[in-house]
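Here the structure of chain B is known, so what remains is to put chains P, A and C in place on it, guided by the hints.
Residue numbers (my numbering), protein chains in the order written: chain B, 1 to 137; chain P, 1 to 137; chain A, 1 to 137; chain C, 1 to 137.
No lab work stands behind these hints, which were simulated from the structure alone. Quick caveat: nothing in here was measured; it's all calculated off a predicted structure. Mixed in with the good hints there might be a few duds.
As the list claims (entries may be wrong) - With a straight-line cut-off of 16 Å between C-alpha atoms, the simulated EDC-like cross-links for lysine to aspartate or glutamate are:
1. K4/A / D46/P
2. K4/B / E104/C
3. K23/C / D46/C
4. K4/B / E125/B
5. K4/P / E104/P
6. K4/B / E104/B
7. K23/B / E125/B
8. K4/P / D105/P
9. K4/A / E87/A
10. K23/C / E104/C
11. K4/P / D46/A
12. K4/C / D46/B
There are 4 protein chains.
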Amino acid sequence: MAAKLTLDAAQVVIAAARQEAEKIGQPVDIAIVDDGNNLVAFARMDGALLGSIDVAMNKAYTARAFEMPTDSLTSLAQPGQPLYGIEASNHGRIILFGGGVPLEDNGVVVGAVGVSGGSVPHDQEVARAGAAAFGSR
Amino acid sequence: MAAKLTLDAAQVVIAAARQEAEKIGQPVDIAIVDDGNNLVAFARMDGALLGSIDVAMNKAYTARAFEMPTDSLTSLAQPGQPLYGIEASNHGRIILFGGGVPLEDNGVVVGAVGVSGGSVPHDQEVARAGAAAFGSR
Amino acid sequence: MAAKLTLDAAQVVIAAARQEAEKIGQPVDIAIVDDGNNLVAFARMDGALLGSIDVAMNKAYTARAFEMPTDSLTSLAQPGQPLYGIEASNHGRIILFGGGVPLEDNGVVVGAVGVSGGSVPHDQEVARAGAAAFGSR
Amino acid sequence: MAAKLTLDAAQVVIAAARQEAEKIGQPVDIAIVDDGNNLVAFARMDGALLGSIDVAMNKAYTARAFEMPTDSLTSLAQPGQPLYGIEASNHGRIILFGGGVPLEDNGVVVGAVGVSGGSVPHDQEVARAGAAAFGSR
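So here's chain B without its partners, still in its complex pose:
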């Protein structure tokens, strides 16, 4: 059975994401949600975008809600594709681009990390670094 996501584990994810962001030289906002999609921890690095506070939280929300990285939604939600228009649901909390990654324990999604503030590839890289730290904790 999968364990609950603890605050200590969430802070390990944030620390790893922050370290990766510092390596890139791009301050970001980082949010962690648990299996019930409720916020566990959040950190805004010095100089990170204010508009990214909500985007980081919503990337984490989206990755948990649909149990997939947010960049998997990108192509699915384009015009002509199966989930076109899905961002109108979930009360404006769906983000369709990369930077949200599920956190898994024994193959079960127990939460997610969302990163925003840089370019989408940078946000993805930082989020993946956080998720990797969770997987190997």
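Relative to chain B, chains P, A and C alone:
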């Protein structure tokens, strides 16, 4: 005269949809609305996506609101097509892809079923199984 | 360790609440949330108030959010009392009167039931009947 | 000139608050905002109330917004008192009871800490412990 959709009838629809979803092996969220487009019943199967709670409700809402299956909106709402942008209306409750199906009694729409959680074709199949149970009750 | 609230268990709670409401002769709306405060099941009895759809959901939300029956908030949130004004938080989802009751497993809150549609004492009685069925399932 | 509140300083506040909460034996939610009243950091201790996520954030918001501890608003906002009804402003983000404390640097408010999850006196004690760590850092 068409009958009002009762809770018992809604639960028949949910049971039939659930049975179809179990046959496919895909847990889903299932919502039923009545002729006034107000929620009558809802069920989230164990393991169904959290993000699909709202999508299932909105599929039912959309199918009742426009008295057509939600997949009928898909092509109409694409860029360049007649209903492009319609998802911004109705307070974010419009879904443009399949899985919402009207429930009819003597040719009158008396409600709708919305299903979300699997692929769009699977959601449609499950919703249609629910609607079929309503039609033959 | 406490078990997750399943759909089957939620439907047992709804059935017991409905039976109690029928005994009283008062149709109600009944909502069940899980440990993450996400909706698991909902039922509106025939003739139950439309305005109570949201109130029932919010009673369940409040009981889970604060891990207490909603009637415990009633006196705490009065003018001059410790939590006066708390209903402005949680995006309008806090209900300060009875009808929301936590669902517990081995002393851990794993969800909640919310009932609305009748008088507050009736709603409480119906919610408690639902919770009792959960406790003895 | 007062310094900007950094993420490192916010985490010092959270760590001190958490330590005090652990001493009391009461898990809480802890939020830190900066001089612009935007979230810098957040932590939900294991077992802390879900309903307190928003309350903790709003306590920090209120303490920064009015540059006073939130318990200073309690009597001012009662029926018949000067600020009666103020909680309807600021989009539902005003909290009228204790647990929000400004963070000051050289006599200037540069942010705030909000704590929720226990009794109001406990939340206040935990928030003050966090603010004290900021003052003596």
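(message) Would the hint linking K4/B and E104/B be met if the CA-CA limit is 16 Å?
(response) Cα-Cα ~10 Å, so holds.
(message) Can you confirm whether the C-alpha distance between K23/C and D46/C stays at or below 16 Å?
(response) It holds: about 14 Å lies between the C-alpha atoms, which stays within 16 Å.
(message) For a C-alpha distance cap of 16 Å, please report whether K4/P and D46/A respect it.
(response) Holds: K4/P and D46/A sit about 9 Å apart, inside 16 Å.
(message) Does E125/B sit within 16 Å of K4/B, going by the straight-line distance between their CA atoms?
(response) Roughly 25 Å between the alpha carbons, so the hint for K4/B and E125/B is violated.
(request) Assess, step by step, whether the Cα of K4/A is no farther than 16 Å from the Cα of D46/P, and give holds or violated. (result) 9 Å, holds
(message) For a C-alpha distance cap of 16 Å, please report whether K4/C and D46/B respect it.
(response) Holds, at roughly 9 Å.
(message) What's the verdict on K4/P and E104/P, does the C-alpha distance respect the 16 Å limit or exceed it?
(response) Roughly 10 Å between the alpha carbons, so the hint for K4/P and E104/P holds.
(request) Could you grab the alpha-carbon distance between K4/B and E104/C and see if it respects the 16 Å cut-off? (result) Given pair K4/B, E104/C is violated - Cα atoms ~36 Å apart, limit 16 Å.
(message) Does E125/B sit within 16 Å of K23/B, going by the straight-line distance between their CA atoms?
(response) Holds. K23/B to E125/B sits at ~11 Å (cutoff 16 Å).
(request) Mind checking the alpha carbons of K4/A and E87/A for me, to see if they're no more than 16 Å apart? (result) With Cα atoms ~28 Å apart, K4/A and E87/A exceed 16 Å; violated.
(request) Measure nothing beyond the straight line between the CA atoms of K4/P and D105/P; if it is 16 Å or shorter, mark the hint as holding. (result) 9 Å, holds
(message) With the threshold set at 16 Å, check whether the alpha-carbon distance from K23/C to E104/C stays at or below it.
(response) Given that 16 Å is the threshold and the Cα spacing comes to 25 Å, the pair is violated.
In summary, the structure is inconsistent with hints 2, 4, 9 and 10 from the numbered list given earlier, while agreeing with the others.
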